[in-house]
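Chains as they are written, first to last, in our numbering: chain A, 96 to 384; chain B, 930 to 1176; chain C, 930 to 1176.
The reader is advised that the hints may include incorrect statements.
The list that follows gives simulated cross-link-like pairs (lysine-lysine, PhoX-like), each with its CA atoms no further than 20 Å apart [as the list claims (entries may be wrong)]:
id, chain 1, residue 1, chain 2, residue 2
1, A, K311, A, K269
2, A, K311, C, K1087
3, C, K948, B, K1020
4, B, K1079, B, K1069
5, B, K1015, C, K934
6, C, K934, A, K269
7, B, K1087, B, K948
8, C, K948, B, K948
These are computed hints drawn from the structure, not numbers from a lab.
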Amino acid sequence: MNEIAETPLPAAQEEMPFALVQGEPLTMVPKDLYIPPDALEVILEAFAGPLDLLLYLIKRQNLDILDIPIADITRQYMDYINMMEILKLELAAEYLVMAAMLAEIKSRMLLPRPTSDTDEDDPRAELVRRLQEYERFRQAAEDIDSLPRMERDLHQASAEPPLIEQEKPLPDLKLQELLLAFRDVLRRAEMFSHHHIQREPLSVRERMSIVLSSLKPNVFVPFTSFFKVEEGRMGVVVTFLAILELIKEGMLDVVQSEPFAPIHIKAAGSSAEKGDDDEGAEPEPQGQD
Amino acid sequence: MDYQKVKNIVEGALMAAAKPLSLNQLDDLFDLADRAAQQDRPSREQIRQALQDLEEEYQNRGIELKQVGSGFRVQVRQDYEAWIGKLWQEKPPRYSRALLETLAIIAYRQPITRGEIEEIRGVAVSTNITRTLQEREWVKVVGHRDVPGKPAMFGTTKEFLDYFNLKSLDELPTLAELKNLDSFHPELDLEGDGDKKLSGEEAAATESGEASTVEAQSEPDGVAETAGDTNVVDLETVQEVRPEQLH
Amino acid sequence: MDYQKVKNIVEGALMAAAKPLSLNQLDDLFDLADRAAQQDRPSREQIRQALQDLEEEYQNRGIELKQVGSGFRVQVRQDYEAWIGKLWQEKPPRYSRALLETLAIIAYRQPITRGEIEEIRGVAVSTNITRTLQEREWVKVVGHRDVPGKPAMFGTTKEFLDYFNLKSLDELPTLAELKNLDSFHPELDLEGDGDKKLSGEEAAATESGEASTVEAQSEPDGVAETAGDTNVVDLETVQEVRPEQLH
């Protein structure tokens, strides 16, 4: 008997609602349905379903799950169900379905069976299968519950992080993405057919931007200052083409006070006091798509 | 880079992150924009070595390095929970049997639909349970079964492994194997295939095993019922099975 | 109580708490209900000693024990900020399709006004886009067209060339080459298809705000590979923060 007393309860036991009734008068009454109503309520509510209740009945009497005395178990099961109804506990429909199943098995057990008995012929086979299947997961649930777990048994170790210099990263952009985007624009705009665009050397366009941005409002800059010897002949040509293009597009004013006098350039219309801002005068684009 | 420095950075990162870090995440820490730093980058092998060395250094300490589902984590040893637990007023959450059973079925049988879980449990699975499991990020919808209604299939997450201190699903406790009625009626088995030849002894073993349990069970109902739960069926004939599948 | 155990509990508590613990708080951990444990209680002196020893043990480690206002805490050494900080580094956002197109049009057709860009794209160009491009210093206003309203003309900058590792715009493919981009860079085929899906109305749909992320386009190696991606950092957005715990 000593050994029995020392039989440790499964670790997870105290997690289970059953623990609530342990040591209560209930446990002192073996194999009998006399149970104080409030304790019974606790028990009944603790069942996780009809399979759980059945397993309870079977284990309580230490019966083998493979050889359930169906008549007995069915009677006990029905007693519990009736009790639950009397106590007006919410009774899941599954309990009644199981009651019907038990009744059916019981009646089939009364029929004579062929001697070459196999699993399939045993009316209890399906029930036994389901009980075992459920039981192994009921056990697995207890096993999982007793695993060392965070918060309850283990705690994350942490240390205060250092002061972090956080940089807000800027998006990366690959040249291909840019080119593919442009190709799609061109396809959309059907610009590939415009040959004049194709022929235009980009360096001229680039130089146009450089020339323009080096100009200040209302200040005439000597024409020659745009040409740098170190850029060589190509550089001079590119700059010259850029300036011609700018003049053609009306973006530059060219002034020469007399023939052969130095040529000066200023941004067209820059007499208007205009900031470097693109906001303001320009109308906001209407309707985004 | 000096190995000691690598180890210190790995340790610092694990502690600063306050969550598990994968080897990739640790490796990424050394991707600095600085070109010089980049050339001085430790190898993956060195990082692995640092983890191993830290694990050893923590051997006799209050903390331990543990590999769980989503990576490596430094955690306080369970041995000291009695004291450490006092840091918090509230008790850690407890979970109902219904929730744990549902979680167990998902863990061992994933991917699985609610209907399939209900079939095993023999009772409806409340939406509360699946919602709680998903909110805790232990379970997620991993797909939909291709049957009418396209029910969601559930599976467990890395966070589930993290929470239960597991590296992979393989580390789950083994699931009891099913017995069939044959093993209870060995004398009726006329076909002596390999498996069944043993059944005679097996049955005997079962009987003696259960005899001892019977004794233990002569305890008042409540105690005996719960204490004996696992033993009765499993005692001798149960074999260990690895959870099927996984990941 | 074994001194090593005291030290381990103190260490475990400091690491589990995730906040500074005072000497009193540490001392309280040893107030166990169990009478035997109570008699075995370490002295305050032992706890103090444990703190001191831990501080020494951490000497060459990634962490350090510091006494701050409200008690003792373990913190990651500032020396490793450069690496640890990467744990909190945000993923850079992606530019919208609309922004890419605008930038490309400016590069190829500069100097160009917003109205002219809109004419080519067929949809409006938000000021957000031009502002973002100017803030990134890839685009600047190079002048104003002498027409009513004096609209700004945009051009690309030296920084634009630097970012894409170009010596001059001439290194960009010609329109003819662009047309055959697929055959020009066969490895781009997949992207090309993905991109086409986005053109037309969908490109317009992504119009609103360049902050929104475009679909992830993982680029294979190619021309842009050489671009000095990660170096560009806006110094003005750098701020010192104590990182929150990562979730």
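Next item on the list: Identify every previously stated hint that the structure contradicts and give their numbers, smallest first.
Entry: 1, 6
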